[in-house]
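Q: Here is what each chain is made of, one letter per residue.
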Amino acid sequence: MIPGLAHSATAPTPLSETRERVLRPLLTSRDIGEDIYALAAEIFPICRSIAGDGVRDTLDILGRHIPIERHEIPTGTKILDWEVPKEWNITDAFIKNAAGDRIVDFRRSNLHVLNYSQPVSRKMRIAELRPYIFTIPDQPDLIPYRTSYYSNNWGFCMSHRQLMALEAVDGELEVVIESKLEPGALTWGEYLHKGETADEVLLSAHICHPSLANDNCSGLALLTTLADALSSRRTRLSYRFLFLPGTIGSIAWLAANDANVGRIKHGLVVSCVGDDGGPTYKKSRRGDALIDRAMAHVLRHAGTTANLLDFFPYGYDERQYCSPGYDLPVGLFQRSQFATFPEYHTSADNLDFIASEHLGASFRWIIEALDIVETDRVLVNLSPKGEPQLGRRELYAGNGGDKDAQSHNMAMLWTLNLSDGRHSLLDIAERARLPFDVIAATADLLERHGLLAPPPDPGP
Amino acid sequence: MIPGLAHSATAPTPLSETRERVLRPLLTSRDIGEDIYALAAEIFPICRSIAGDGVRDTLDILGRHIPIERHEIPTGTKILDWEVPKEWNITDAFIKNAAGDRIVDFRRSNLHVLNYSQPVSRKMRIAELRPYIFTIPDQPDLIPYRTSYYSNNWGFCMSHRQLMALEAVDGELEVVIESKLEPGALTWGEYLHKGETADEVLLSAHICHPSLANDNCSGLALLTTLADALSSRRTRLSYRFLFLPGTIGSIAWLAANDANVGRIKHGLVVSCVGDDGGPTYKKSRRGDALIDRAMAHVLRHAGTTANLLDFFPYGYDERQYCSPGYDLPVGLFQRSQFATFPEYHTSADNLDFIASEHLGASFRWIIEALDIVETDRVLVNLSPKGEPQLGRRELYAGNGGDKDAQSHNMAMLWTLNLSDGRHSLLDIAERARLPFDVIAATADLLERHGLLAPPPDPGP
Amino acid sequence: MIPGLAHSATAPTPLSETRERVLRPLLTSRDIGEDIYALAAEIFPICRSIAGDGVRDTLDILGRHIPIERHEIPTGTKILDWEVPKEWNITDAFIKNAAGDRIVDFRRSNLHVLNYSQPVSRKMRIAELRPYIFTIPDQPDLIPYRTSYYSNNWGFCMSHRQLMALEAVDGELEVVIESKLEPGALTWGEYLHKGETADEVLLSAHICHPSLANDNCSGLALLTTLADALSSRRTRLSYRFLFLPGTIGSIAWLAANDANVGRIKHGLVVSCVGDDGGPTYKKSRRGDALIDRAMAHVLRHAGTTANLLDFFPYGYDERQYCSPGYDLPVGLFQRSQFATFPEYHTSADNLDFIASEHLGASFRWIIEALDIVETDRVLVNLSPKGEPQLGRRELYAGNGGDKDAQSHNMAMLWTLNLSDGRHSLLDIAERARLPFDVIAATADLLERHGLLAPPPDPGP
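Protein chains in written order, with the numbering used here: chain B, 1 to 460; chain A, 1 to 460; chain W, 1 to 460.
Simulated from the structure, these hints should not be mistaken for lab results. Possibly wrong hints are sitting among the right ones.
Note that identical chains are pooled: a pair holds if it fits in a single copy or bridges any two copies.
[Unchecked claim] No more than 25 Å apart at the CA atoms, straight line, and that leaves these computed lysine to aspartate or glutamate pairs for DMTMM-like:
id, residue 1, residue 2
1, LYS385, ASP53
2, LYS385, ASP327
3, LYS265, GLU196
4, LYS385, ASP288
5, LYS123, ASP81
Every value quoted in this text rests on a predicted model; they were computed, and no experiment measured them.
Take these sequences, add in the hints, and give me the full structure.
A: Structure (structure tokens):
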């Protein structure tokens, strides 16, 4: 350090030196699950789609918690291999019988309309209408969620029982969809929590599904709550939160940030985090990125049966982040794996399907993985020849030898033995089959006693 | 291309660019199993050995289908660590009782004579003859197949029941073997199907066993039929077919072709391909050669329990091709693994033991593996950033989503995601757990739509 | 070789060229188990500790078999992160009741005194004495073994039943420990068997436990017997035997030999080798050192269920040898794994707990592993193209084909096939799933027939 240019005495020690565990206090915040649930419930009723006011209205609500930067790309703009579509906005839709009763009513569920339906206003008999109706015969009480973004179409989704009732109707039906498909913009929200370094963690949730609670509300609410919690904390890494329409949104973001994606060092796509299944982690395309190893470690110690999947090129926006031209270290965290639970993409994915308890648990698993990503580092044993005499330093739990003392001793011995400059704390935790937290805490203790230190600067 | 020196406009596009799947039509040739069986049956009666007219007579028959080049190496020639032996030719052999009845008769089965027996013409009692008789007491109705190529000996093989009958005979027996062991030549047959490149696939079958249907007739007939089928086709690779006596034949061929074995890029030894067992594939010594991976892939998708073996230095001519001084990428394809079925090396390995159906299936599995070896290549995704918009190109099977459409979509997504210049089509098929054929067809489709292309020439 | 400078004709051929199997005759020495047991029994009664006359008295006895070099480091000397402690010597200790009866008596078992107890001579009631008493309530008949080397303390160990009897005593107890804690020296014994090369095998046993038969006497006795057996033999490697106090002894040795530890190419810590459990092998920190592979190979072919453990940084002196600053290729051989059997560190670890039979078996397994380490080498096939004609050399077991002949043939084929300069004999044995001994004997046979040879000298 050049004399006279030193930082002021009050400048905090860089986290990159102390590796204070800044995220761990979030593990004990008691009401976090309730907070996430409340926010998910607040955005649930909005009729979102990939472009239009649904996205904007949702961002308005999320923006009350964190200052979200809004990005809009005009319809028709070329982005990578794609083009920004028209906006879709809808005010009403129904099927009325001859008596004027709304037999199928958008106001009851926005799932009733095929997402991105063109406007319709016609009288027709059921036989004529039938090709425009989507149901799930095997789940006759549920309304399916269907979309038709990139081909001109219209349609109604309804329970199979509703269809059977409709088929019994004699006479003409009034079929109305009051929607607009017009040039506008693609919208996404972005929030950056700046850390000490420019290295970034990407956290991404989709904002394009209408009233589906697990499959988009839960992820949006969890990430907003996480961003809010981080905002008052000093972190080593920077955290970039993206709230964007699936596929077209991440493609737009990647196109806009093509030159800078190299700063993304870790990332998670988050969706379906409110049900009682899983937890599920699908690895990034790389398969051995730190986030993959961290999440696998957390789930291995989660005390429940976790579902650890190799990357496959189908799912949420990890498909785009992990396309071969980017190959970013971004995985997917879920509870139940998408498309494997019966409520998936139906009206049963509602606010009864998610619970505070599960949202809270998801939040904590994510925090634990991010803590590893924040904190993992290589330390070196300063007394590498033979074991150091721990007893002299009163570090060794002696004579008695209860289970905790044994585990404490083993954590010290493992950390000392493997701190040879080639093993990070996560490496050590994996090898010792101990939780990362135990090894990280042990490393702190040993560092305070002068037995471990960061590796020497390799010099110029 | 230098102007004026261009190939004529009618020159076909090199297969190495289009990778047309020239072998796949052979998969549907309906009567191929019958053709192979008929040819195997035709050569079955001949009394073959490692050198002599049995080999020549067999090559005469195979040569009616393809123009086989015949090679002869004189007795006494040094080849690698070996020396070409004398020829063995036999016209008759029998054991007659006092009444003049042929109790054991070479004309009934050429297995009755110890292969390479010296001539004998003696009267002797059973006690004196006994040391020259071989039987299988555990399989008392079967004649064993035994040889004595490199030590002077003579003997008779017979069923244990025949031996017991002989032992009941009182009086002298007339014991005759009318054979000749004289200087001559070692003979093998060779057929080269020239492809566009000098890279070769070696396909090798042994031609040294007498009337054993599965253990030599089946392989000879299958390879001849395959060579015949290839002869009218344009292939990328060249295919070299060898019909040679086991061990001494492949050693002679290797000695004669020592300088050129580097052109062998893939290979299969083929034997015992007509029974209903297996399929069995024994990997080359390398273990991860393309032919090993291709055959393993085919057997994994064969819809039956396959037997995939690591290399071991015992078996057929792969022992020589995979000796450490050559270490060629040559595996062994069989149905039942040799020496594991009770008919092996007995008179029960006859024309009832093999069937058209099994020969046809073996043919198809071999074709599927050769198709991979012909076609596998690396392509690169020309739209590697984000997914390309498949829907716009009407490539994506949309809304409905039946099983086939899903599989089609997944094949496209996998092929695009992994076509990063580091994965071949077989790599992709393995990773996606889809048949090679599906990935190769998908790659063709994507290439036609301009989404994939061969990697750029690295230049001079 | 320069003419005139040749070695005399009577100089023995270096073992490094012949690789005579000098250790294997030790496998058949019949009474070795009895010899080891007798020596273990002889040293059993001595009250050893980490420094003091117990170590010296034990070395006196071991030294009757082999010339052990004794090393002493003065109290207070800094060694690595440690300091040599005072010596501890004890003459008597007891607890007497009011009637003068020795209720607890050091002369009955030296385990009764907390090892390294300070001197005590007081009258006290049981309530006052109670904090200084150690028992195992779950094993009420056994005296535990406890130590307090580095903190000032005193105490008595006794069976829980003895404690209950004591607690029933009314009146004062006379509590006496006649021990001395005074400056002196740390002692260890060392014996070097010089081989043809300076490469060393380290064989280490701890000498710091009092009357525990399996847990120190067995290892000391086995290594002494092994050293004795080696002393008359010519070996390729040098063998360094260490008899040293646990932890502080190996730390002292490492500190004293810091510059030369590179000559340790293989090593074993040996302890608890007399019970009927295991065998157990804990790999060195490297995990793939030759000694690790050799021991794993021996245990795999041991015909019993062996316990093969990855390295972990707890146990005996392998903790020090495998500390990251040294990382020596030293594993731990045991029968039952330490701390897993109920007799461990109790008075039940006595001479009834170990047996000649088990000591002999341990000896033989160790010899087998050392034989591999002595003998393993790379040979090259001099006839690598095709198989050499084994029949001509009368090496091939022919026609008949019993099981042994097949195994013999396979051993030859494997050895020839893999002797390509990249596989050692152990590599070949592992790949062929045959015992090392079979492959090594086969390699000798093939070498004698001129089919294998050491690789050519790479030259200057």
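Q: Now tell me, hint by hint, if it's right for this structure.
A: So, going through the hints one by one against the coordinates:
1. In this assembly of identical chains, the alpha carbons of LYS385 and ASP53 never lie at most 25 Å apart, being 66 Å within a copy and 28 Å across copies at closest.
2. For a Cα distance limit of 25 Å, the shortest separation of LYS385 from ASP327 across copies, 9 Å, qualifies, whereas the shortest one inside one copy, 42 Å, does not.
3. In the homo-oligomer, the alpha carbons of LYS265 and GLU196 lie at most 25 Å apart inside one protomer (14 Å), although the nearest pairing across protomers, at 47 Å, exceeds that limit.
4. In this assembly of identical chains, LYS385 and ASP288 lie within 25 Å of each other by CA distance solely across copies; the values are 21 Å between and 32 Å within a copy.
5. In this homomeric assembly, LYS123 and ASP81 never come within 25 Å of each other (Cα to Cα): the closest approach is 40 Å inside a single copy and 92 Å across copies.
Hints 1, 5, counting from the list given before, are not met by this structure.
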